[in-house]
Amino acid sequence: MKQMLQVFVQVVERGNFSRAAEHLYMTQPAVSQYVKMLEEDVGATLLERANRTVHMTKAGEIVYQHAKQIIGHVETMHELVHDLFHEPSGELAIGASYTYGEYILPHIISKMREQYPAIHPAITIGNTKEIAERVHTMDLDIGIVEGEVHHRDLEVETIAEDCMVIVVGCHHPLAHQSSVTTEDLWNTTWIIREEGSGTRETTERLFQTLQIHPPQTMEFGSTQLIKESVEAGLGVTLLSQWTIRKELSMGTLKRVNVPSGEIHRSFSLLLREKPMHTKATEIFRELLEKVIPPSTY
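Just so you know, the sequence shown maps onto residues 673 to 969 in this note's numbering.
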């Protein structure tokens, strides 16, 4: 059964039988046979074939979601048994949203590699929505995100607080005003993150707090690109203090101080709810608090 499910998942994710066969080092007829056997086992057609591509049927979508979970549980089972007799080792799939992943996670990974060299982290960076979904489907062992996550199959634990501040480039008009009003913020260009981002969610919360609805916005999918754009004078933005420490110290970015212009949010740990997690996952979980305690934020 596991082999059938693995083959089926590869066909779905790679879009056709030939690419799945190449990835699995199997012949295409063998891949087709495994999918046929699975369809016979569940009693339904799982894939529709057209123009050398495949699309899941409704039954296929159900089987795909459960197949991912079954494969993940089997892999976890083997890892847990291995943990009983060996030092923590193997791959640990970690997902993080951009702020945490690019500016905080490297410190934790460095410490883990120093203490547990046999654990090999594989890092995925994405927005909060993407990371939560991949933890849910067990593509990732663990996730760290900003923003709110509500999912009945995920364990969500607040691990730290983050402070978000409004910043502009050093040559922006607002950088030289002794006082900045909400009207000033309404009438300037805002550079914001994309939908699904925790930073975007926090920015919209700030707009509600300040009771503004800026008509001029630019949407970028990268914190680094936003920083560069703000430094170049394109607009104003809301960013985590973690992401702008160097720029603030160098003076290329300036804080804009307005009433209620500082906003706090939480970094959350995401785990798929299951009876046990691997030793590598638990070790990483412990290091999160030891390396950078919540008070640091």
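These are calculated hints, taken from the structure and not from any lab test.
Worth double-checking, as some hints may not be accurate.
[Unchecked claim] Only pairs whose alpha carbons sit at most 20 Å apart, straight line, appear in this in silico DMTMM-like list of lysine to aspartate or glutamate:
no.: 1; residue 1: Lys730; residue 2: Glu712
no.: 2; residue 1: Lys708; residue 2: Glu685
no.: 3; residue 1: Lys946; residue 2: Glu934
no.: 4; residue 1: Lys740; residue 2: Asp811
no.: 5; residue 1: Lys740; residue 2: Glu829
no.: 6; residue 1: Lys801; residue 2: Glu759
no.: 7; residue 1: Lys730; residue 2: Glu720
no.: 8; residue 1: Lys926; residue 2: Glu900
no.: 9; residue 1: Lys926; residue 2: Asp811
no.: 10; residue 1: Lys801; residue 2: Glu876
- request: Kindly indicate which numbered hints from before are broken by the structure, ordering the numbers from low to high.
  value: Hint check: 3, 5, 6, 9 fail, others pass.
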